[in-house]
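> Can you make the complete structure from the sequences, with help from the hints?
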Amino acid sequence: MDSIIQFFTTPSFLMQALINGMVIGALFSLAAYGLALVWGVMNIINVAQGDFVILGGYVAFYALGISTPFLEALQPNFFSRILLTPGILPLLSIPIASSILFVFGYLLYKVIIYRIVSRDLFTSLLATFGISLALQQLMNLSFGADVQFINTGLPTLFFMDDLVALPVVRLFSLILASILSVFIVIFLKKSKMGLAIRAVSQNARAAALIGVNTDRVYAFTFALNTAICGACGALVGMIFNLHPYIGTPYTVRSFMIVIFAGLGNLPAVILSALGLGVFEESADFMFGAELRLAFVFSLLVFVLVFRNWRLSKKREYLK
Amino acid sequence: MNKKISKLILGFSALTLLLVGSATAKVDGDIVTLGAAVSLTGKYSTNGKHTKNGYDLAVKRINENGGFKVKGKTYKIAVKYYDDESTPARAAQLAERLIKQDGIQFMLGPYSSGLTKAMAPVTENYKIPMIEANGASRSLFTKGYKYLFAILTSADQYLAGAVDLLAEKAKEEGRSLKTLKVAVAVENDPFSLDVRLGAVEKVNKYKMKLVLDEKLPKSLDDMAAILTKVRALKPDLLIVSGHAKGAATAARQIDQFRVYVPMVAMTHCDSAQIEQKYPVGAENILCAAQWHKKLTYSDDDNLFGDGNDYVDIFTREYGYSPPYQSAESSTAIQVYVDAFKRAGSFNPQKVRNAIAKTKLQSFYGNVKFNQYGQNIAKPMVLLQVINSEYNVVAPTKWASTPLIYPRPK
Numbered sequence: 016m017d018s019i020i021q022f023f024t025t026p027s028f029l030m031q032a033l034i035n036g037m038v039i040g041a042l043f044s045l046a047a048y049g050l051a052l053v054w055g056v057m058n059i060i061n062v063a064q065g066d067f068v069i070l071g072g073y074v075a076f077y078a079l080g081i082s083t084p085f086l087e088a089l090q091p092n093f094f095s096r097i098l099l100t101p102g103i104l105p106l107l108s109i110p111i112a113s114s115i116l117f118v119f120g121y122l123l124y125k126v127i128i129y130r131i132v133s134r135d136l137f138t139s140l141l142a143t144f145g146i147s148l149a150l151q152q153l154m155n156l157s158f159g160a161d162v163q164f165i166n167t168g169l170p171t172l173f174f175m176d177d178l179v180a181l182p183v184v185r186l187f188s189l190i191l192a193s194i195l196s197v198f199i200v201i202f203l204k205k206s207k208m209g210l211a212i213r214a215v216s217q218n219a220r221a222a223a224l225i226g227v228n229t230d231r232v233y234a235f236t237f238a239l240n241t242a243i244c245g246a247c248g249a250l251v252g253m254i255f256n257l258h259p260y261i262g263t264p265y266t267v268r269s270f271m272i273v274i275f276a277g278l279g280n281l282p283a284v285i286l287s288a289l290g291l292g293v294f295e296e297s298a299d300f301m302f303g304a305e306l307r308l309a310f311v312f313s314l315l316v317f318v319l320v321f322r323n324w325r326l327s328k329k330r331e332y333l334k
Numbered sequence: 264m265n266k267k268i269s270k271l272i273l274g275f276s277a278l279t280l281l282l283v284g285s286a287t288a289k290v291d292g293d294i295v296t297l298g299a300a301v302s303l304t305g306k307y308s309t310n311g312k313h314t315k316n317g318y319d320l321a322v323k324r325i326n327e328n329g330g331f332k333v334k335g336k337t338y339k340i341a342v343k344y345y346d347d348e349s350t351p352a353r354a355a356q357l358a359e360r361l362i363k364q365d366g367i368q369f370m371l372g373p374y375s376s377g378l379t380k381a382m383a384p385v386t387e388n389y390k391i392p393m394i395e396a397n398g399a400s401r402s403l404f405t406k407g408y409k410y411l412f413a414i415l416t417s418a419d420q421y422l423a424g425a426v427d428l429l430a431e432k433a434k435e436e437g438r439s440l441k442t443l444k445v446a447v448a449v450e451n452d453p454f455s456l457d458v459r460l461g462a463v464e465k466v467n468k469y470k471m472k473l474v475l476d477e478k479l480p481k482s483l484d485d486m487a488a489i490l491t492k493v494r495a496l497k498p499d500l501l502i503v504s505g506h507a508k509g510a511a512t513a514a515r516q517i518d519q520f521r522v523y524v525p526m527v528a529m530t531h532c533d534s535a536q537i538e539q540k541y542p543v544g545a546e547n548i549l550c551a552a553q554w555h556k557k558l559t560y561s562d563d564d565n566l567f568g569d570g571n572d573y574v575d576i577f578t579r580e581y582g583y584s585p586p587y588q589s590a591e592s593s594t595a596i597q598v599y600v601d602a603f604k605r606a607g608s609f610n611p612q613k614v615r616n617a618i619a620k621t622k623l624q625s626f627y628g629n630v631k632f633n634q635y636g637q638n639i640a641k642p643m644v645l646l647q648v649i650n651s652e653y654n655v656v657a658p659t660k661w662a663s664t665p666l667i668y669p670r671p672k
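So the sequences go chain by chain: H and G. Be aware that the first sequence starts at 16, since it is given in my numbering, and climbs by one per residue. Be aware that the second sequence starts at 264, since it is given in my numbering, and climbs by one per residue.
To be clear, the hints were calculated from the coordinates, so they are not data collected in a lab. Hints should not be assumed to be uniformly reliable.
Stated by the list, open to error - Sample of chain G residues at the chain H side, in silico, Cβ under 7 Å:
id, residue
1, D484
2, D485
3, T578
Quantities reported herein were computed from a predicted structural model and do not represent experimental measurements. A virtual CB, placed ideally from N, CA and C, is assigned to each residue, including glycine.
Take a look at the structure:
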């Protein structure tokens, strides 16, 4: 009880919970949006989502690991000086991870995913679960089981008499997640491919009838999802840790967010991700880290029950 | 028809398996085979490799020196390995398989408390001795196991020494122990909970104040909320335990959120390599270790020499400096050989009794088991990261460098 009162009466705690929660929420919203996209368009629940995130992190980690010593060995010139400014290279590693994962996702679609698009949910669950296991072990074999992280060299900002801390890299992730989601919305609304994706998600057969190449749309959607995961992973590597076996929490969290928000509703996904993040952090302050997840999952149960109750009322009305 | 044939094939293969199984035995000619399930894949694969390398190095060294003598006859050692995939269920299965199918009568431990816990009931059931070097949870020694022996100090001792150290420093400064505040943040797993238990017992003994007692979920690698609380509570000592991931997260975020605590102690610093990866945050952090090369123990059997010799030999063989996980694994093999010699037999019961009476010193430390199979002859040491290097600072008897306290701001 003390800790709950303390939480609400300490402004620095409230502020820190809000900031940390938004950062976590922003990261999860990226992964969750990719999941919702694939789920809505292809009817596949991608259990390997978290592993794509971690893979993206490793790609960024190695991209930096290779390029930094290379640039440092060069004669210092204008470009290398700009690139070696703290924060610039890590920032660049995000689009790199994203594009490499885009290619990876496209290939994965062409090899495995296209076989399961029209199958039932169970098959797709099994297949993506298999991909998840294989990917974890492959990452373990190629990158090792050591805990890694991406060193950005960026400072930390302090507010409220130095009681609230905000590492600049976390601020980055918040801004970047917002830019990315705006970009995705515009892309889906305005571009031809976005239009095709939306058409296929509404009715794949009808879309095919009017001349949309559904196979191409599926491949692109899946690759777009892995690309988003790649960007998310690069940020995860800078803020948290990378380890071949820590992908699952990201899958679970994004799954939860999508259930919260419903399919095909981007603003709802982002809002529920941010809300969930803030809620989770607050729960940590109030009830301790031990009960943090328990609290979040009980909230999920509550929301599901509430939704069901509302739906059942609607059914009565229809009757 | 088809069903009949498949049944026949099944029956036949089961029969062959049985026959093959009983044909291989633990002592074949002049080779004694030990059995081990270690994590070559899965989340413990790094430490699994350290464990295997430790075993392999001792085996290689013994065999190169011409083996060992039991009742005038010279024997050599081999180890049969399986990959337990870092999962307890698989480890238990493999223990069963090693004993029943492969006829192994002497077992070595896997990596981690969880997996050792899964294997111990099996070896106990078949009355096969198991010397383990990487399962530190206290609960391994409260079940009354008769065939389980642990080379390493149990988990509750890991950071209890840090609380002692704080008490010692406070007395020097003339501060009352009751005013000291301790914060504890551990992962919610058997090992770390034991680490917490040992530390909290000491805190209660000295009547210090436990201002924060957090258990982190396994899936979490963010300590931001906890560190914010630590900043507000201003403890004198912060204790963190959560394997390599916990050490990495704490060392980085303590620096990132600029949280100042005069004394910070954690486990698994060396497997997380915090001194190299997070040099700023890691500076002056205290790390619990089972062993350090600077300790002045040396082998009774002259297999490696002292700690520095071991590091040299290991580095030459595997190209990296051995963590304590490898050192303790090598000593497990030394204890087996010593027990074989004293038992004068390869009867599991006799070997078990010989192990129970072990009294030896290796480069790793003294080994002597109590009735629960715990090694009671070796203390834990506390290392401090000073200029990105580990130095022994406690217990005072082994200290090579004076402790830096409080950590400079």
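> Identify every previously stated hint that the structure contradicts and give their numbers, smallest first.
Violated: hint 3 alone.
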